[in-house]
Every structure is written in C-alpha cells, then in structure tokens.
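Those protein sequence lines, which keep their order, are chains L and Z.
Numbered by our numbering, the letters in the first sequence go through residues 10 to 254 in order.
Numbered by our numbering, the letters in the second sequence go through residues 39 to 271 in order.
Just so you know, the hints here were simulated from the structure itself, not pulled from any lab data.
Glycine included, each C-beta is placed from N, C-alpha and C at the ideal position.
Any given hint might turn out to be false.
What the hints assert, rightly or not - Quick look at which bits of chain Z chain L covers, simulated, 3 or more residues with Cβ under 8 Å:
no., region
1, 58-68
2, 165-177
To be verified - One side only, chain Z facing chain L, incomplete, derived with CB under 8 Å:
no., residue
3, 72
4, 139
5, 159
Listed below, chain by chain, are the residues.
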Amino acid sequence: MTFRMDHPVIYALVAVTIVAVLAQSVFFLWRAMKRAKEIGMDRKKIRGTILSSLIFTIAPAVSIIICVITLSKSLGVALPWLRLSVVGSLSYETVAANNALSGMGLKLGEVTGLTGSQFVTVVFVMTISIMAGVLLTPIASKKIQGGLKKMETKDKRWSAIFSDALFMGMIAAFLGFVFCDFSGVFVGELAGLVPVLVMFSSAILMAGCGALMKVTGWKFLNDYALPISMVGGMLLAIPYTAWLG
Amino acid sequence: MKKTTSYLEQVHKDGKIWNYSMAAIFFLFPVLLCIIFRVLPNWGGLLQGLIATLPMYWAIGVIEVITYVPMLGAGGSYLSFVTGNISNLKLPCALSAMEKCDVKAGTEEGDIISTISIAVSSITTTVIVFLGVLLMIPLTPVLKNPVLDPAFAQMLPALFGALGVVFISKSWKIAVAPIALMLILFISIPALNEGTVGIMVPVSAVFTLIVSRIMYKKGLLDEKKSTPAPTEE
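From just these sequences and the hints, can you work out the full model?
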C-alpha cells in the first residue's frame, strides 16, 4: 500500500484509537456517577459539574482545533487530530515532532510532506516520549494516595494546606507565565502587556460574577462564571492587541 | 470507610487495566503503520529525536504524576494522563468543579467530582475536535482569521486570571511567595515561556509546599489567623 499522510487507513486507525479513549472516559464517568448516587451526593451538584465542565471546555477545545490546523501543514490532519484529541498537548507534541524532524534534517512548519518512513519516525518519537504519565500513574498513584491518607490521619490541617499549596503552586506558575514577555515593556515593547491586561480583565470579570451572585442570589451563574470570564478575557485581547501591538 | 476503600480500590484496578491497554493501543498505532505501509522508521532520526525528547519528557512525566495525582485524585489521574491537555484544560476544569462543589481533593467526593469533570471535558473535547476536523476546510478561514488570533493566543492568561482570583482570595497567604518567585523567574529568564511553563508547575508546587510548611510550623497558617480556608470535609 502506498503511503500518503491523508490515507484513509491512517484516519481509520486514528478513529479507532480515539474511540478507545472515548470508551475509557465514558466508563469512568459512568462509574463515578454510579458511586455518587450510591453515597447520596447532591444530584444538582453532579448536574452542575457536568454542565460547567462542558461549557468550560468549549473555548480550549476550539483552540485545540486551531493547533490541529497549524500542525496539519507539516504532519497532515490525522496525526495532529490523534495527538491533540488524546494524550498530548500542543506544547509537548510540537517539541516532540520538531525534535524528530530535526533528527532527519527537516523543520516543523517548513516541511509540507513526509515520506512513510519520516512519518512513522515522528509518530514513534511522539508516542514513546509522552508515555510516562500513562504508564506511571498505575504504578505510583495508589502509593501517592496512600501517603496522602496517612498524612491526613496524622495532621488534618497540614493535609488541607498541602493540597491548597499544590493548587497555588500550579496557578502561580501560570500567572508567572503571563508575565514572560513583560520585560519588553522596559524597552518600550508594549505587546508584553497584553497577556497581563487579559489576565486582570478575566480576574475582574470573575470577581464581578461573584459579586453579582452575592447581590442577586443568582446561583446558576456559578456554573457559567469561569467560561464567561475566560471568553470575556479572550475577546478583550482583540482590542488590547490592536492597541498595544 | 469500608465503602470508600472498595470504591478507590476498584478505581485503581480499572485504571491499571485501562491505562496499560491504552498504552498498548497508542504504541500499536505506529507499529501498524509500519506493517500496513511496509515502511521502517528512519533509525538515525528516531534515535536523535528520542535523545532530544525522551529524557526531558520522562523526567517531567515523573514529576507530573507526583504533582497531579494529589490534585486530581485516582480516577481523574488515570483519565487525565490518557486524555492529555492536563495543565491547560483538565486540571483547571477539575479544580474549578471541586471548588464549586465544595469538595476537597483526596476525599471520595472530590475524586468523584474530579473524575466526572475530566470525563465530561474529555468527551466534549473529542467531539468538538472531531467536528473541527470534519469541518476543517470551511472552519480554517474563520478560526485562522487574523482578527480572532489574539483571542486564542491569550487563552491561558484569560483562564488563569479567572481561576487565580478564586484560589488566591481563598488562600492568599499561601499564594504570595510562589507568585512572587514565578513573576521574578518568568520576567528575568527569557527561556521561560509557554513551552516551558509545564516544567515550572512542579517547581512552583514544590516551592509552595516548602514555604507553606515553614509558615504552618511558625503558626502563620492557623485557621483562626488565616482568611476563610477551603471547605473541610
């Protein structure tokens, strides 16, 4: 069979893989909902979680489509579709693909067609490189959770601080990232201010939603506050960029 | 208590089966391509690609598992590492859901909410990306429209601005030191950018844990002195 990046067989294999991952999501969803019912968790909370997670995901998912379009120039559509639908993320997959292509004297973004050999080389590098989390979670997660349980039994307050500290650590890293181009401002390049303004805008929108909920008692807003603030911040990026470059 | 153990035990058991099966399926994809199209990898390119990528990614993978499992819980972790896009989608989605439901990570309720939110997010992503691929030709001029470019380029600042205000207002004492450190690092080191922020998450998490431990030992995080703490189970 002659190889080409948009061969129907590749699409079929990608579709099968994605369906398998989808099956895992459906299975875990079913099990969690069944357990929630067994222990009598508030059904409204469950419904709210489903709705808010669904709405929250729309904007990032659309940005994933843009990443698929971007990578498709060099890698075809099927491979980015697979890697960005499951397992990967744009930053990881781009670096892995670029490293694999560099090893063959090619450059991501510049190359527009790959031979079968080049294509499978890229797929192998992407697959093997990003397998750590998939394989290590079954080995380590039970032990990690056991350690956390012990910690909670020993000192409940520290256990609560521990998880808050982990959350804050993650959020702090991303807030720091918002300022990664900020140093340009000191030499008159104002474009680095755009992400900062976007961050503050969405923070203000989120605080505004919280205040509105308190004043009006609109509890339904709780499910939409995060997507509203995020999309609001993203839309404000358009005039900010036009203004600051 | 017995029920809690049995549920989590079952999640771990299922998670193992699913994750190992998925790993096999993922690996089978390039192997089948080789067989079907009768091609072999470019061994030199493969070796060079793996040398450049594998050590860093596996090191990050180890740290991510240690960092994310306590935040996502068992079910959420098994699912997240298979479905991907963790730090930019699954983790914020799960954290936001747990915060809204007033449940803590590490509890059974937290595990359930985290799993539901990640599963829904994953299914939604798959469906939307599938539709995107299906409609790629008519969608490309819309999504790649220069007018919309800045909006999608600023997704992460918009997401973490909104998420940050919620968590900082709850634990501002814990937030000060890591935010200050990350601001200094990201402003002063040009190599730190969107591509490397994932590496900085564990660094920041470990730093926050150390500072929090010191503050806790000094009595600076006592419940009475602190701002309203997240809901205790």
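(request) Double-check residue 72 (chain Z) for me: the hint is only fine if its C-beta lies closer than 8 Å to a C-beta in chain L. (result) 5 Å, holds
(message) Please check whether the region 165-177 of chain Z has three or more residues whose CB lies within less than 8 Å of a CB on chain L.
(response) Check passed, 7 qualifying residues.
(message) At least three residues with a C-beta closer than 8 Å to a C-beta of chain L: is that true for the region 58-68 of chain Z?
(response) Holds: 9 residues of the region 58-68 of chain Z have a Cβ under 8 Å from chain L.
(request) Against chain L, run the beta carbon of residue 159 (chain Z) and see if the smallest gap drops under 8 Å. (result) The hint holds - residue 159 (chain Z) has a Cβ within 8 Å of chain L, the shortest such distance being about 4 Å.
(message) Tell me if the interface restraint on residue 139 (chain Z) is satisfied: Cβ within less than 8 Å of some Cβ in chain L.
(response) At 5 Å from the nearest chain L Cβ, residue 139 (chain Z) passes the 8 Å test, so the hint holds.
Hint violations for this structure: none, all hints satisfied.
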